[in-house]
Each structure stands twice: as C-alpha cells, then as structure tokens.
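**Student:** Sequence:
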Amino acid sequence: MSTTQYQQVIYTESLQSTIIKDNSYVFTINNSEEDAFLEDPQLATAMREGTKVMHKAAENSIFTKRFLKGEINKDEYGQYLRSLYFIYKTMEELLEKHKHNPAIEMIYFPKELNRTQALLEDLGYYYGKHRLAEVTDASSMSPAVERYVASLEKACAIHPALLIAHSYSRYLGDLSGGQLLAKRLKKHVLGLNESDGDWDSEEGLEFYRFTNIGNHQEFKAIYRERLNAAKVNAKTRDLIVDEAVRSFELNIGVFDEVHALSQANKLLPTVGNTVTNSPVDRVRSATFWVTAVTAVAISAAVCQRYMRFTE
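According to the working numbering, numbering within the sequence shown proceeds without interruption in unit steps and concludes at 311.
Treat each hint with caution, since some may be false.
Claimed, not checked - In silico DSSO-like links for lysine-lysine, alpha-carbon gap of 30 angstroms or less: (1) K74 / K56; (2) K74 / K129; (3) K235 / K154.
Unchecked claim - Just the calculated beta-carbon pair ranges, DEER-fashion: (4) A36 / K129: 46 to 54 angstroms; (5) Q217 / K111: 14 to 22 angstroms; (6) D200 / E225: 30 to 38 angstroms; (7) F37 / E134: 41 to 49 angstroms; (8) A36 / R131: 46 to 54 angstroms; (9) N228 / S195: 42 to 50 angstroms; (10) D35 / A221: 27 to 35 angstroms; (11) Q42 / G197: 43 to 51 angstroms; (12) N193 / P102: 44 to 52 angstroms; (13) P102 / E146: 18 to 26 angstroms; (14) G178 / D35: 34 to 42 angstroms; (15) D200 / Q263: 28 to 36 angstroms; (16) P102 / E134: 39 to 47 angstroms.
Read the hints as simulated data drawn from the structure, not as lab findings.
Small disclaimer: the values here were computed from a predicted structure and weren't measured.
Virtual Cβ for every residue (Gly too), placed ideally from N, Cα, C.
Use the sequences and the hints to build the structure in full.
**Tutor:** Below, the structure is given as structure tokens:
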C-alpha cells in the first residue's frame, strides 16, 4: 500500500505547519523556528527507558523463547527471514530517501548496517535462488508484515525522523544478539556441530554478518552517541520514543504470526522440505488468514495512539 492511498499532505502557504489528514485523524506538526532543536536530547536513553516494557514482552513471546532455546525449524526460520526482507527493504529505502534529514543523517550508516542484500542471499540459501521471485513477491506478504510495512510508510509520511525509532529497534537488536542467534541456528536449524568442518561457514547466516563493522560494541556506542545528539526538538523526541514502542509491538506481531503459521502447518517449505498442502489444508489456510487479518485490524486500532500528534 502506498502512502498516497491513505494520506494527503497539505502545506500551508506560510510553511509554518504541515497538516496530515489520515482517515478521521488530523495531525499538526509545528515547523516554526521557535520549536528549536534540543541541545542534549538523550534520544537513545529516552528510547531505552520508554521501550522497557515492550522489550520484555518481545523477549517473552513464544517464538523468541523457542528461537533462543534452539527449538525453531528451518521452515519457521525461512518465514521469519521473508518477513524481515519486506521490513528491511521498506525501511532502508525510506532511510535512503530521507538520508539528508537533519536527524536521520546522524544515524545513517548504509554500508555498515543495510540488511536487504544479506536477506536476499539467505532467502536464496533456504528456498533456492530459482524461488527468490516467489518468496520476495510483495503480494505474498503476510498480514503482520503488511501492517509493519504500512506503518513504516505512514510514520515516515508524518515525520521522516520517526524512522529513527525503527532503525534503533532493528539494527541495535541485530548487532546485540546476532552472534548468539547465529550459533543457535547453526546447531539447531542447520544441524552443525562445532567439530564439523562446515561450522565456520556463513551460508544461510548472512543476515547476522556485519562485515563492515569491526567491533560491534564500539559501533553500538558510536550509534548511541549519535542518537543522543540527534537534531530533534522536544515534540519530535517524544514522538520517536512512542514510535519505538510501536516498533516493538509490530515486531511482536511478526513473531506471533510466524508461530501461528507454524502451528497451523501453513509455512512455505524450504529446500529439502517437500510437504505440500492438500485441498483441506488450503481451506484451513484461507480460514487462518481471515482470522489473522481480523486480529491485525484489531491490534492496529489499539495501537493508533502511537501515531497521534498532540498540540
């Protein structure tokens, strides 16, 4: 869904404010000079404190717990990668588009952080390169992923600086837990042991390889310093924190959906899995997607408060 389908941006003649009409809501962003950048916004600190509850909820999701225990299977991980592909592709395209925004340029590290190409390589490994067009077709996005992508576009249309929240929650999470998760995947999804000759292979694990970052801890420290010095005013800082909370909610939605698809036996088979759906399975699949769409709609309505701009 493109942003033009659900919003209209109107600039006043004086360019003092931007009014964004979104269905029944009207958001007003004050762009006046008197709303100056904060000298010390401490944005990283504010997001860390503001997302503590949702961060804990994400850690306690069934999918996350099973992932950390090494209990997920190849098809589940493949579905998770497909979800991430659409999310990162959208986020990174938007970051590129708005890289000269005063706030975004502080934390824009495409060479070091971009994951879209790495995800394509991993998808080729798990599904076969000949199926890449199928697994990356936008029409195959699941409801939770569609909602995530639409939320990215919507947040960016309201204020590009809100992308900082998604960049923060995704990239820092990948850098922080990536090595541990990669080891879990090697053992439990790829079936490798540390004594195996293939243990050091990175095939199927490109998503967790940041080849242009030497020391993860040092880079994260630099990233947080940039966040804490981001060029934002008080209102924008608060909105970014709210958007970070929403980002965690959206990620939890993806986790829960992958688990639900697995429980319903509706995962697209990866290489080596020849399971196909019977006619009965296809009927069950249709019922599942209708239920999932309904749940997503309810969740989206509850979370609209994160997108509201106040005076």
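**Student:** None of the hints should be skipped; say for each whether it holds.
**Tutor:** Structure-based check of each hint:
1. For the hint pairing K74 with K56, the CA-to-CA distance comes to about 26 angstroms; that is within 30 angstroms, so the pair holds.
2. A distance of roughly 16 angstroms separates the Cα atoms of K74 and K129; the hinted pair therefore holds under the 30 angstroms criterion.
3. The hinted pair formed by K235 and K154 meets the criterion: a straight-line CA distance of about 18 angstroms does not exceed 30 angstroms.
4. The hinted range of 46 to 54 angstroms is satisfied by A36 and K129, whose Cβ atoms lie roughly 51 angstroms apart.
5. Between Q217 and K111, the C-beta spacing of about 19 angstroms keeps the proposed range 14 to 22 angstroms intact.
6. Between D200 and E225 the C-beta distance comes to about 33 angstroms, which sits within the given range of 30 to 38 angstroms.
7. F37 and E134 have their C-beta atoms about 46 angstroms apart, which keeps the hinted 41 to 49 angstroms range intact.
8. The supplied range of 46 to 54 angstroms is met by A36 and R131, whose beta-carbon atoms lie about 52 angstroms from each other.
9. In this structure the hint that N228 and S195 lie 42 to 50 angstroms apart at CB holds, the actual value being about 44 angstroms.
10. A hinted range of 27 to 35 angstroms holds for the C-beta pair D35 and A221, which are about 30 angstroms apart.
11. Checked against the given bound of 43 to 51 angstroms, the beta carbons of Q42 and G197, roughly 48 angstroms apart, stay inside it.
12. A C-beta distance of roughly 50 angstroms is found between N193 and P102, which places it inside the suggested range of 44 to 52 angstroms.
13. Restraint check, P102 to E146: a C-beta distance of roughly 31 angstroms breaks the suggested window 18 to 26 angstroms.
14. Remark: the range hint 34 to 42 angstroms for G178 to D35 is upheld by a beta-carbon distance near 38 angstroms.
15. The hinted range of 28 to 36 angstroms is satisfied by D200 and Q263, whose Cβ atoms lie roughly 34 angstroms apart.
16. For the pair P102 and E134, the beta carbons lie near 40 angstroms from each other, so the given range of 39 to 47 angstroms is met.
Hint 13 from the earlier list is the only one contradicted by this structure; the remaining hints agree with it.
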